[in-house]
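Trainee: Below, each chain spelled out in residue letters.
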Amino acid sequence: MSEVLVIVPVYNEAASVLRSTLEGLRPLNHDILLVDDGSSDPVPELVSDLATTVVRHTLNLGQGAALQTGMEYARREGYRFAVHFDADGQHPPEAVDALLDEMQRGEADVVFGSRFIRADNRALIPSFRRGILILGKVFNGLSTGVWMTDAHIGLRAMNRRAIQCINLRENRMAYATELLWQLRHHGLSWKEIPVAVVYTAYSRRKGQSSWNALRIATDILLRLIYR
Amino acid sequence: MTPIQLLLFAALGAIALIYLKLVRYQLGAVVLLGLVLLTGCIAVYAPDLTTLVANRLGVERGTDLLLYTTVIFLCGIFAVVYGRFRKIEEEHTVLFREISLLQEQVRRGGAAT
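Chains as they are written, first to last, in our numbering: chain A, 87 to 313; chain B, 10 to 122.
There could be a bad hint or two in this list.
Claimed, not checked - Below are the SDA-like pairs computed for lysine to any residue, each with C-alpha atoms no more than 25 Å apart in a straight line:
| no. | chain 1 | residue 1 | chain 2 | residue 2 |
| --- | --- | --- | --- | --- |
| 1 | B | 30 | B | 19 |
| 2 | B | 96 | A | 230 |
| 3 | B | 96 | A | 310 |
Everything labelled a hint here was simulated from the structure, so no lab data went into it. Since the model is a prediction, treat every value here as computed from it, not as a measurement.
Put together the whole structure using the sequences plus the hints.
Mentor: So this is what it looks like as C-alpha cells:
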C-alpha cells in the first residue's frame, strides 16, 4: 500500500477519457481510488482490468459528497496523504507529485493547484470562465476570509492532519468554499502552486457550466444560514 | 353563527388534532398551538376585532393584517421545514457513504478469501 491516495470522483465519464486519466496516474505508483458517484454505467465494469479501488454511490450525490467519501476511505485506511484529481483529463498527472513535493517540505497542510499564478497557465482558461473564476475568488474571499487565487480547481493535496479534520457537508460544487471555511476553522495551513489545466472539447462539454456559479453562490448562502 | 364560521372552527379543530399528534403533546408546542388557535377562533368569531387590532398597528383593514401575518408565518414554516430537509439530506448522504464503503470492504474481503 502506498502512503498516498489519489481520489478521483467519477460521474458518467467517457470510458476512454477515464482510462486515459488512470493510465496517466498509474506510473506515479500511488494508490488510486475511484469514487463512482452513481454513474449510469457502473465504473467497475469500465476499469475492471486496471488495478484501482472503486467505491460506488448508489445514487448521484455530487462531487463534494464523492470527495468526502474518498477522504473517509483515506482516513479509515490510514493514508498519510490524499490528492483530489478530476477524472476528465484536465489535470496533468505530474502535478500530483509537484503538490506532494510541496507538502512534504512540511510547509502546508493543504496544497492547492492554481491556474492563476503563472500568466501562461492563466491564458489557457477560456475568457468567460476566467471572469467567473475571478468573481468566485472574490466571493470566496469575502465569505471565508481566505483569499486564494484559484479556489475552485479540483486539484489539491492534503496531509493526514487535514484528512482527519476536514468533513465536507456540501454535496455539490460549493464544497470548494466550504473547504476554505474548514481550513480556517481547524487552523490548517495552505499553499498554492502553479499548475496548467488543459481544456479539451470533452472537458468543456462535460464540466460544469459557468452559470452553475449562481447555484454555487446560492448553496453557499444557504450554508451560511443553515450552518 | 354563519355556516362559514362553523366550517372554519371545524378546520381549526382538525388542524389542532393533527398537530397535537405530531408534536406528541410537548409543552412548548402545545402552548404555541393554543395561542395560534385562540387567535384563529377570535378572528373567526369576531372578524371586526381584527380590524380594531389592525388599526392599532397602523394597518387599515383586519384582512390585510391577517394576510401579512399568514405570509410571515408561512415563510417561517418554510424556513424551518427546509432546515429539516437539509438535515435529512445530510444524514442521507452519510448513510449512502457508509453503504458504499461497506460494499467496497465486502468486495475486498470476498477477493481476499
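Trainee: Each of the hints needs a verdict: does it hold here or not?
Mentor: Verification of the hints:
With a C-alpha separation of about 17 Å, the suggested pairing of residue 30/B with residue 19/B holds against the 25 Å cut-off. Simply put, residue 96/B and residue 230/A have alpha-carbon atoms about 22 Å apart, close enough for the 25 Å limit, and the pair holds. A hinted pair counts as satisfied when its Cα atoms are at most 25 Å apart, and residue 96/B with residue 310/A qualifies at roughly 14 Å.
Violation of the numbered hints given earlier is absent; every hint is satisfied by the structure.
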